[in-house]
Amino acid sequence: MAVQKFITGNFYDEAVLFPAVKKVRRGGYKIHEVFTPFPIHGLDKAMGLRDTSLHTAGFIYAITGTATAVGFITWALTVDWQINFGGKPFFALPAWIPITFELTVLFAAVGMVLTFCYLCQLAPFVRKDHFNLRSTDDTFVLVLECTDKTNDAEAMSFLQSIGGQDVQVQYKETGWWLGRYDKDTKRFERKAEAAH
Amino acid sequence: MTIRENYIVPKRFNTIAFTLMVIGLLTIVGLYATHGSKEDPIAQARFWGSLLQNSVYFLLVVNAAMFFICATTLAWGGWQMSFRRVAEAVSACVPVVGTICGVILLLICFGGNHEIFHWTDAEHVKHDKILSFKAGFLNKGFFAAMTVATIVLWSLLGWKMRKLSRSIDDKPLNVEESKKYIWKNTVWAAVYIIVFSLTVMSSIPWLWLMSIDAHWYSTMYSWYTFASTFVAGVALITLFVVFLKNNNYLELTNEEHLHDLGKFMFAFSVFWTYLWFSQFMLIWYANIPEETTYFKPRAQGIYSGIFWLMFIINFLAPLLILMRRGAKRNYTTVTFMALLIIFGHWLDFFQMVFPGHQKDKVPMMLWDFGVALGFVGLIMFLTGRALSKSPLLAKNHPFIKESVIHHT
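Respectively, the protein sequence lines represent chains S and P.
Using numbering that gives the first Met the number 0, read the first sequence as starting at 0 and increasing by one per residue.
Using numbering that gives the first Met the number 0, read the second sequence as starting at 0 and increasing by one per residue.
Some hints here could point you the wrong way.
In silico lysine-lysine, PhoX-like type, Cα no more than 25 Å apart, as pairs [as the list claims (entries may be wrong)]:
no.: 1; chain 1: P; residue 1: Lys159; chain 2: P; residue 2: Lys139
no.: 2; chain 1: P; residue 1: Lys400; chain 2: S; residue 2: Lys21
no.: 3; chain 1: P; residue 1: Lys400; chain 2: P; residue 2: Lys388
no.: 4; chain 1: P; residue 1: Lys162; chain 2: S; residue 2: Lys87
no.: 5; chain 1: P; residue 1: Lys262; chain 2: S; residue 2: Lys44
no.: 6; chain 1: S; residue 1: Lys44; chain 2: P; residue 2: Lys400
no.: 7; chain 1: S; residue 1: Lys44; chain 2: P; residue 2: Lys244
What the hints contain is simulated information worked out from the structure, not anything from laboratory work.
Predicted, not measured: the structure shown is a model, and the values here were computed from it.
So that you can see chain P by itself, here it is in the shape it has in the complex (with noise of 0.2 Å):
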């Protein structure tokens, strides 16, 4: 078998890719027209919301790919290899797709707009109990030097990571030399591990999302929006997957590879489930006030359509549809719920950070949608040109082998 390593991009995905992010621009500038230059702050905060909503959702879906990588790695599993690069190349946006989101997000933090982040307004958090209470992290200069060193701290460990899957390209490893190697790797994605951790399992969707209904909190909340991410960064490395495929790329990547993607799909699928519903139902029972608040508009309120709309597409679908063996090893039924996975936990995304700010009507989503098309152009030209610096397989890697002969 003859094994196609370079990767070239078709003229017609970057075409794709660039008349895509034209969109995304397009829509930014008419949303900023007819929100964002608003004297009205809502408006305003409409605008913002729809770049933070879209921002940090494919940040920190692009960003899941490293932790697949990382995660995989720590365990020393074999069968992701003749597919890593993929994962690679996905997660090669982070530095791009963080500088945009960092920079967004500063710019609502510092911007003087206080809907969608009260706990900038200096005047208002003096007289507001609560949040004078949380002042200690939830002020203007820790929100900036976190969001700042995560995502230089996200973007320098994926670079370390990548460049010790490049380094052995071009020279076999003997034994002694692979044992080494396994180790570097295994130190390297612990540390990645931790600075995930401590960010994305933590503090990040506290400081970037929860904030928006800063009186509320559920430290439930970073493991579920984590779990949503996950899932969707997953499907989105089985669409590329698939895709090269497709193409006839990928050779020693066949059904049994894609048979675990769609396992992990499916289960985090039930695993994001799990962790809305736990959130959910202690605060239903509890039924206090201060706390309900969150859960009223979203799930009983206006926003309760969209709310219906994410539970049949982001459990009911994946539960049912991808339960049989034979549903995920089927590449079309595999593409079908990449797509509406990722589709499904954007729209959760939109229900984190609206029904905050947007408390009257539901806005239009089309906008958002708009927006979002931007992102997954940017996400589709970076990751083709990831895919075509390095060899699509990392034929030296010592567990090559176990992905070869996987079976499911």
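Looking at chain S on its own, in the form it has when it is part of the complex (with noise of 0.2 Å):
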């Protein structure tokens, strides 16, 4: 776990963060990560990211899902325990398709919804600094990584003359940790640490 140096500025206005994000890219800055209250439509084509493979995921679980199913059911109503019903075959696959089915969503549905936490680091007890509580109110947050390379004053003027507001100079725990918020005080300490 490091703790490494961040700038932050808030954004008040999607018509202003959409182009500071633009120039930011443009500049050379790496953008670490713009927190938003809501989802903005737009705004991972914007900052550049890839596309989640979260489907591919879901696909393959999916794929285990059906193949778990016709496998087992086949398995135990032709070899270990036939059983007539009815005067139909033995494989008598159409029965056995809305059980294939649920087991397709199930599969897939428990399969990404844990994948989805794993990325986001998601679990009970984690915790994860976050940069600016106002992210989860009313404005938005860019976020810039910062290296030794980096000249503070510089990012910080332009982080300004793009429109960012309140910007500041943070050092955060990038890792999660098990923990709570308010009464954890470790991360604090490595803060100080290396801030020097």
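Using the hints, put the two chains back together into the complex; each one sits in its own frame.
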């Protein structure tokens, strides 16, 4: 877990945010993330994020579900315990379709939820730093990643010049940790270490 | 960006349309000479069945375009607004195709051939317990009245919706007027949907198609027919959208809109399969002879080849090919799939119409395909004419911006 330096700026309007994102990318800065209280259409494209692979994962889970259902029912009803249902053949595929469908959906749904939680690092007791509480309320927070070579003052004035307000330098834990926001003090100690 | 509002029908487009119509007419004449004029009632039924299959299929497909408009209007959707005029133009075929279809249906009903509609034979019905029980619904008078009323109502309400859409082309609306306009649209769309649900989604497929197998019945039949025609209708709208895009019209429609049309095609292909299978599985499971007669020739008998082809075209291909996001945003893939879906559901209608009276051998499908080409030409001509009559963009519609900035 590393503590890293970031520069954050608040934006109050999508019409300012979109050109700002473009200018930041053109200016050669690396965007860590843009935090918004609600999804903004087209922002992912403007930020140049790649499409998520969650769908591919979902497809694989679904195929697994289909295979599990068909495989298990076939084994159970044709090999392990043959039962004659109203003179139907033991391999009675139409009757199994509903179960196959349900298992496909179940595997895909559960698998995708868990994968989503893993990708977003969401779980009970898992915490992450956030940069500005107002990103859950009414402003968009654009966060730039800094390296050793970044000139703080230059980056801050750049962010201000493209419409960012309340521009700050922040030191944050980039990974997740177990604990509570109000009781946990460890991360602030680390921040002090990294500051000098 | 300049917007080319007025569509001019290219000469070649109309030449192709008329050529197809001539092919269709020649096929009908040929089919009449070889089958329709024969003494044998089954050969006659083969001729009328071909007309029935094609006219009903293409009528329901073009009518699905108006359903698409009304359903999205009722949901206060905005995304379809940039190409809404295309769907309107497709639905403008309803009066003409409807008249043709109505004439064919009435000719079959009153024409004296009882092979297609057994219940029109009064002598036979007297001795047939099931048919005499159903006579309150399946009789010539009710059939004719329903057919005429339905086609007139679809045409009138569709005309009203199109007129509402055109009425604001020359005058921008202020906020109050916009609210009133949207409300008016919503009310008329709701009226159309009610008529639609009482016809396509319930009674009309029972009368026009299910009554070919008059002893058999299924309450899901109409829903399944609706799913079939709706997915083909969306495919038809998509084809015209792609065609206009290729000719540098519809500047505001882009791959975001295409993506949503692709989603519709994907979703309703699966929906159709779901309904077909739900209808099949219960009957297969219960295994009652008077119910299984419907599926025996279609899924296991001489028509099973067409059934499996249809299963691949209408279910497996859309499911696997249209699943990826990239495929739904690719003009070539979507065009190919739209053509495939329209053909696949035409096969589905073939399966609905022919096994009921052509029990000994599968009729040669090339004849029916020729007739289908005639209808395709007619729809091309009528849609092209409707497109050129009004601007391609409903530019004063209050929701137009939603469509311009649409993002999936």
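Hints and how they fare:
no. : hint                   : result
1   : P:Lys159 with P:Lys139 : 30 Å, violated
2   : P:Lys400 with S:Lys21  : 23 Å, holds
3   : P:Lys400 with P:Lys388 : 23 Å, holds
4   : P:Lys162 with S:Lys87  : 57 Å, violated
5   : P:Lys262 with S:Lys44  : 21 Å, holds
6   : S:Lys44 with P:Lys400  : 20 Å, holds
7   : S:Lys44 with P:Lys244  : 24 Å, holds
Figure legend: structure checked against the earlier numbered hints; hints not met, in rising order: 1 and 4.
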